[in-house]
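Taken in sequence, the protein lines are chains A and B. Reading the first sequence from the start, the letters are residues 3 to 284 in the numbering used here. Reading the second sequence from the start, the letters are residues 3 to 284 in the numbering used here.
Calculated directly from the structure, the hints in this document are not laboratory data. Be aware that one or more of the hints could be misleading.
[As the list claims (entries may be wrong)] Below, in silico cross-link-like pairs of lysine-lysine (BS3-like), each with a Cα-Cα straight-line distance of 25 Å or less:
#1 K4(B) / K29(A)
#2 K61(B) / K32(A)
#3 K32(B) / K4(A)
#4 K32(A) / K261(B)
#5 K4(B) / K30(A)
#6 K43(B) / K29(A)
#7 K203(B) / K77(B)
#8 K43(A) / K29(B)
#9 K61(A) / K43(B)
#10 K32(A) / K4(B)
#11 K43(A) / K32(B)
#12 K32(B) / K32(A)
#13 K61(B) / K43(A)
#14 K261(A) / K261(B)
#15 K43(A) / K30(B)
#16 K91(B) / K133(B)
#17 K43(B) / K30(A)
#18 K77(B) / K129(B)
#19 K30(B) / K4(A)
#20 K61(A) / K32(B)
#21 K29(B) / K4(A)
#22 K32(B) / K261(A)
#23 K43(A) / K43(B)
#24 K43(B) / K32(A)
Protein chains: 2
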Amino acid sequence: MKTYLECIPCFMQQAYRTARIATSDEKKIKEVLNVVGEMIKSIPMENTPPETGNIIYQKISEITEVHDPYKEIKKANIKEALSLYPELKKNIENSDDRLLTAIRIAIAGNVIDLGVNKKFNIVDDLKQILKQDFAIFDYEDFKNQLNRAELVLYLGDNAGESVFDKLLIEELGKPVTYAVRDIPVINDCVIEDAVTSGLDKVATLISSGSTAPATILSLCNEDFIEKFKNADLVISKGQGNYEGLSQVNRSVFFMLKAKCPVIANNLNVKENDIVLKSINIH
Amino acid sequence: MKTYLECIPCFMQQAYRTARIATSDEKKIKEVLNVVGEMIKSIPMENTPPETGNIIYQKISEITEVHDPYKEIKKANIKEALSLYPELKKNIENSDDRLLTAIRIAIAGNVIDLGVNKKFNIVDDLKQILKQDFAIFDYEDFKNQLNRAELVLYLGDNAGESVFDKLLIEELGKPVTYAVRDIPVINDCVIEDAVTSGLDKVATLISSGSTAPATILSLCNEDFIEKFKNADLVISKGQGNYEGLSQVNRSVFFMLKAKCPVIANNLNVKENDIVLKSINIH
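Next comes chain A alone, as it looks inside the complex:
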């Protein structure tokens, strides 16, 4: 997905929010805003937003000298998600369609997104999403590909959401490789977070190599690219991964909640809609 003009004030908002979390030094925060402000004229609008995010978050890290500002927040989110795990597991076990309920829960986890300027309440969002209609629902296609798949590549998104991903992986019944970001960026999941979330028990964990808040193939490592090409089924969680991969040359299933107006427009859905979208390129 290309960058829309509307993304630019959002970059500035994200830069402010992250710098404010990283440091209380007002001069450093102002320096972040100065640098991001100066960057605006050279943002390639044909690039995806997380490619620009990649540069911005690196600048914030350099200026504030804080490399994982969301570390404690990520821990707290994983802890909260783990505390919900037993009840959600029961929810799945008692449902008529276990796979679909697990997909809904995995999408609900996607609200734990600190790149988007919204407050969230995971318990309220779970209740809502468990009964919400899908705006795009390529479920039959998903089940067909899953049935035929021997290897599933699952692209993780945020820390905390990762616990909900575990519930879905447990329902897939196939060998799963779970790919995460290479370094901390916003509250996205890295290997350590995946382990804390218990994902090492149900999947092979790998770094995609991407330092951006998304799977950006040009930033990914060779091993990941190989797995991405050869996987029978790719599940892509969240907005960032959609922004990075929406025009990629292979079939991918996107699971997300449309949390910003730009992505909602791009998907032709409404804000807060939930989506299970297949892109099929042969």
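Keeping the supplied structure of chain A fixed, place chain B upon it in accordance with the hints.
Same frame as chain A, now just chain B:
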């Protein structure tokens, strides 16, 4: 009020929104964002936010070549406010404290603020504000000064809100001078809007001379400064005027709804609180 770091992403958001309303030419909108982005490093943080707003809105006007992007929106807001006038007049007439009800209504009108990134529904807001407690309530002080006043200077804010100001002016029972911005900026009231709102029937209309979305004394004309010094009572509506005058060297009564977190913090109230605040400097 000085500029807070949090104001900077908001400047960018306002610039985007106004440029988008002014033109559909994506290149011009991008140019606005480029220019505002470059400005960030030189924003004097000790200045008030509307002083920077003054420069930003002038740049938008230059780049888009649209000098009153909110013209139609202002007309529609005044029209809607005028349609509510008869019922609100009855509300005041039937209330136990006519003056206080008129103040509440004038503050409710303050939600018609297109500089702040919020949707508003004037009818819902009126219902809410008519029963809402004030977070700061210097009403006794206000009544005392009003009783003694021979001349009231009323600093207008947005177009549409101006109709609600008329209802309050009708309850003041004193000669009133109503001051507006010198040129169109955001949806702020100019002389033409004040006339459309019927304010010429109840007050002497003047331009403050300010081209900023606020009363900034250094931008005001001599005639206004004279009236500002000599008025027995100054009523200042809205956030912009508060930002511009919160540290001024005379007594002023501020009436506003705290619509952004920065102003709420500065006033030590919560977002969405309503305020009748006196500053008394002798």
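Against the structure, the hints:
Among the hinted pairs, K4(B) with K29(A) is consistent with the structure: their alpha-carbon atoms are about 15 Å apart, no more than 25 Å. Distance hint between K61(B) and K32(A) is fulfilled; the C-alpha atoms sit about 22 Å from each other, no more than 25 Å. Only pairs whose Cα atoms come within 25 Å are accepted, and K32(B) paired with K4(A) is accepted, the gap being roughly 15 Å. Note on K32(A) and K261(B): the hinted pairing holds, with a Cα-Cα distance of about 24 Å set against a maximum of 25 Å.
A distance of roughly 18 Å separates the Cα atoms of K4(B) and K30(A); the hinted pair therefore holds under the 25 Å criterion. With a CA separation close to 11 Å, the supplied pair K43(B) and K29(A) stays within the 25 Å bound. Note on K203(B) and K77(B): the hinted pairing holds, with a Cα-Cα distance of about 19 Å set against a maximum of 25 Å. Of the supplied pair hints, the one linking K43(A) and K29(B) holds, its CA atoms being roughly 11 Å apart against a limit of 25 Å.
With a C-alpha separation of about 16 Å, the suggested pairing of K61(A) with K43(B) holds against the 25 Å cut-off. The straight-line distance between the Cα atoms of K32(A) and K4(B) is roughly 14 Å, inside the 25 Å bound, and the hint therefore holds. For the proposed pair K43(A) and K32(B), the alpha carbon gap of about 8 Å is at most 25 Å, so the pair holds. The straight-line distance between the Cα atoms of K32(B) and K32(A) is roughly 22 Å, inside the 25 Å bound, and the hint therefore holds.
For the suggested pair K61(B) and K43(A), the alpha carbons sit about 16 Å apart, so the restraint of at most 25 Å is met. Distance hint between K261(A) and K261(B) is fulfilled; the C-alpha atoms sit about 23 Å from each other, no more than 25 Å. Using a Cα cut-off of 25 Å, the hinted pair K43(A) and K30(B) holds, with the two alpha carbons roughly 12 Å apart. Using a Cα cut-off of 25 Å, the hinted pair K91(B) and K133(B) holds, with the two alpha carbons roughly 16 Å apart.
With a C-alpha separation of about 12 Å, the suggested pairing of K43(B) with K30(A) holds against the 25 Å cut-off. With a CA separation close to 23 Å, the supplied pair K77(B) and K129(B) stays within the 25 Å bound. The suggested pairing of K30(B) with K4(A) holds, with an alpha-carbon distance near 18 Å, which does not exceed 25 Å. Taking the CA atoms of K61(A) and K32(B), the gap is near 22 Å; set against the 25 Å cutoff, the hint holds.
Simply put, K29(B) and K4(A) have alpha-carbon atoms about 15 Å apart, close enough for the 25 Å limit, and the pair holds. In summary, the hint linking K32(B) to K261(A) is supported, as the alpha carbons are separated by about 24 Å, within the 25 Å threshold. The suggested pairing of K43(A) with K43(B) holds, with an alpha-carbon distance near 14 Å, which does not exceed 25 Å. With a C-alpha separation of about 8 Å, the suggested pair K43(B) and K32(A) falls inside the 25 Å cut-off, and the hint holds.
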